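Undergrad: Residues per chain are reported as follows:
2 protein chains.
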Amino acid sequence: MTAADPLTRRLAFLAELEKLKSVTRQSRLVDGSRNENSAEHSWHLAMFAMVLAPHAPGIDTERVIELLLIHDIVEIDAGDVPYHLAGKDLAKIAATEVAAAERLFGLLPEDEGARLRALWDEFEAEATPEARFAKGLDRLQPVLLNLMTDGGTWDDFAVTEEQVMARCGPPIEGASPELWAAATALIRAHFAARRAVG
Amino acid sequence: MTAADPLTRRLAFLAELEKLKSVTRQSRLVDGSRNENSAEHSWHLAMFAMVLAPHAPGIDTERVIELLLIHDIVEIDAGDVPYHLAGKDLAKIAATEVAAAERLFGLLPEDEGARLRALWDEFEAEATPEARFAKGLDRLQPVLLNLMTDGGTWDDFAVTEEQVMARCGPPIEGASPELWAAATALIRAHFAARRAVG
Chain A
286 MTAADPLTRR LAFLAELEKL KSVTRQSRLV DGSRNENSAE HSWHLAMFAM VLAPHAPGID
346 TERVIELLLI HDIVEIDAGD VPYHLAGKDL AKIAATEVAA AERLFGLLPE DEGARLRALW
406 DEFEAEATPE ARFAKGLDRL QPVLLNLMTD GGTWDDFAVT EEQVMARCGP PIEGASPELW
466 AAATALIRAH FAARRAVG
Chain B
286 MTAADPLTRR LAFLAELEKL KSVTRQSRLV DGSRNENSAE HSWHLAMFAM VLAPHAPGID
346 TERVIELLLI HDIVEIDAGD VPYHLAGKDL AKIAATEVAA AERLFGLLPE DEGARLRALW
406 DEFEAEATPE ARFAKGLDRL QPVLLNLMTD GGTWDDFAVT EEQVMARCGP PIEGASPELW
466 AAATALIRAH FAARRAVG
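Residue numbers (my numbering), protein chains in the order written: chain A, 286 to 483; chain B, 286 to 483.
Here chain A stands alone, though its shape is the one from the complex:
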């Protein structure tokens, strides 16, 4: 094998992916032991796609899984930007992520890197029903984690019911009205219980 050998390039890319296991997200694990990382988050989301596919009729589930497996790879270089902070400097973050995509997918043989890069572009642009479903699941999963930890990072940042509904409603409802109806009921119940406790 030479340095330009396709298999060598594929293995170099897979070795580089190791680093996504050390990219820390804001969400905590439900047991509270530590923060979630972007690699296990990506696995969890792929399982969301497999399991929640019945709520997105007509969607190509296999494509959604691929979108979710690769959606956070750029964070190896760019880090995880929490949703509520991203608004501060969107253009700079986007440029950093594009440079990351070029470097990381560029490790692969050209046509294979281009295929993964196109998947990432599709996800980011929410260009297809599959990308919109994937984005909605990416928003739904932290909601469930926060509900399972009685508030989780919502409490850390004093996020209100109205903010949760405003941030999560459009992407999740766009992905699946059924899923958003269920999430709404759970979110409403959570904040109502909080008010009852005082």
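Errors might be hidden in some of the hints.
Note that the list lumps identical chains together, so a pair holds whenever it fits in one copy or between two copies.
The list that follows gives simulated cross-link-like pairs (lysine to aspartate or glutamate, EDC-like), each with its CA atoms no further than 20 Å apart [stated by the list, open to error]:
#1 K304 - D362
#2 K377 - E397
#3 K304 - D396
#4 K377 - E387
#5 K377 - E447
#6 K304 - D441
#7 K304 - E446
#8 K304 - D435
#9 K304 - D365
#10 K377 - D365
#11 K304 - E411
#12 K377 - E463
#13 K304 - D290
#14 K304 - D316
Quick caveat, the hints were computed from the structure, so don't treat them as lab data. Just so we're clear, the structure is a prediction, and the values are computed from it rather than from any experiment.
Assemble the complex: chain A is given as a structure, and chain B must be docked to it using the hints.
TA: Chain B only, in chain A's frame:
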């Protein structure tokens, strides 16, 4: 929604999957900071399937990805059994894993749980070319991690070159002779370098 509502059952299953992020494997991360967990391992393997598909012509890659996403879920109840220890009590481990599969996949609506259970059975039995490719990747990934950490868990357990070749050769070569040829060259070079130093 009632307790038997399909969406409620799907969400309960996805919430339970959270626990796979806390199942610790023997492999260390390449940066040495901690051991790998089975959720991020499953993500990494799904990426192996996406990227190494060219080395398994005729294989249904999407199916391999699904097999790898679900292959370790039983560890939520049964834990991760290192390969070199599994021989000690295979029947007991197998029974524990089957009970885990029944409980965990049983959280889902019946037909959906049965589909995932069938995927797990296919993986365990290496019943198809897809399952054999998935098993081979599951064996290849720790080899790469050990090579990237200059020996890793091979050193911890004084594993010899002959043991690596004997344990990993059949499953990886069965998955893809090309991948085994590449892995063999890397393993031989690693142990040769060790002998030269020591």
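Undergrad: For each hint, tell me whether it holds in the structure or not.
TA: The hints, checked one at a time:
Only within a single protomer do K304 and D362 lie at most 20 Å apart by alpha-carbon distance; the minimum there is 9 Å, versus 27 Å between protomers. In this homomeric assembly, K377 and E397 never come within 20 Å of each other (Cα to Cα): the closest approach is 27 Å inside a single copy and 43 Å across copies. With identical chains, the CA atoms of K304 and D396 are never at most 20 Å apart, being 23 Å at best within one copy and 37 Å at best between copies. Within a single copy, K377 and E387 get their C-alpha atoms as close as 16 Å, which meets the 20 Å cut-off; across copies the closest is 48 Å, which misses it.
When the C-alpha separation of K377 and E447 is checked against a cutoff of 20 Å, the pair qualifies neither within a copy, at 28 Å, nor between copies, at 51 Å. With identical chains, the CA atoms of K304 and D441 are never at most 20 Å apart, being 27 Å at best within one copy and 22 Å at best between copies. Taking CA atoms no more than 20 Å apart as the test, K304 paired with E446 passes in neither setting, with 35 Å inside one copy and 27 Å between copies. Taking the closest pair of Cα atoms, K304 and D435 come within 20 Å of each other only across two copies (17 Å); inside a single copy the shortest separation is 30 Å, beyond that limit.
With identical chains, the CA atoms of K304 and D365 are at most 20 Å apart within one copy only, with a shortest distance of 13 Å there and 22 Å across copies. In this assembly of identical chains, the alpha carbons of K377 and D365 lie at most 20 Å apart only when taken from the same copy (14 Å versus 42 Å across copies). Taking identical chains as interchangeable, the C-alpha atoms of K304 and E411 are never at most 20 Å apart, the minima being 26 Å within one chain and 30 Å between chains. Taking the shortest alpha-carbon separations for K377 and E463, neither the intra-copy value of 35 Å nor the inter-copy value of 42 Å comes in at or below 20 Å.
Taking the shortest alpha-carbon separations for K304 and D290, neither the intra-copy value of 23 Å nor the inter-copy value of 39 Å comes in at or below 20 Å. In this assembly of identical chains, K304 and D316 lie within 20 Å of each other by CA distance solely across copies; the values are 8 Å between and 23 Å within a copy.
In summary, the structure is inconsistent with hints 2, 3, 5, 6, 7, 11, 12, 13 from the numbered list given earlier, while agreeing with the others.
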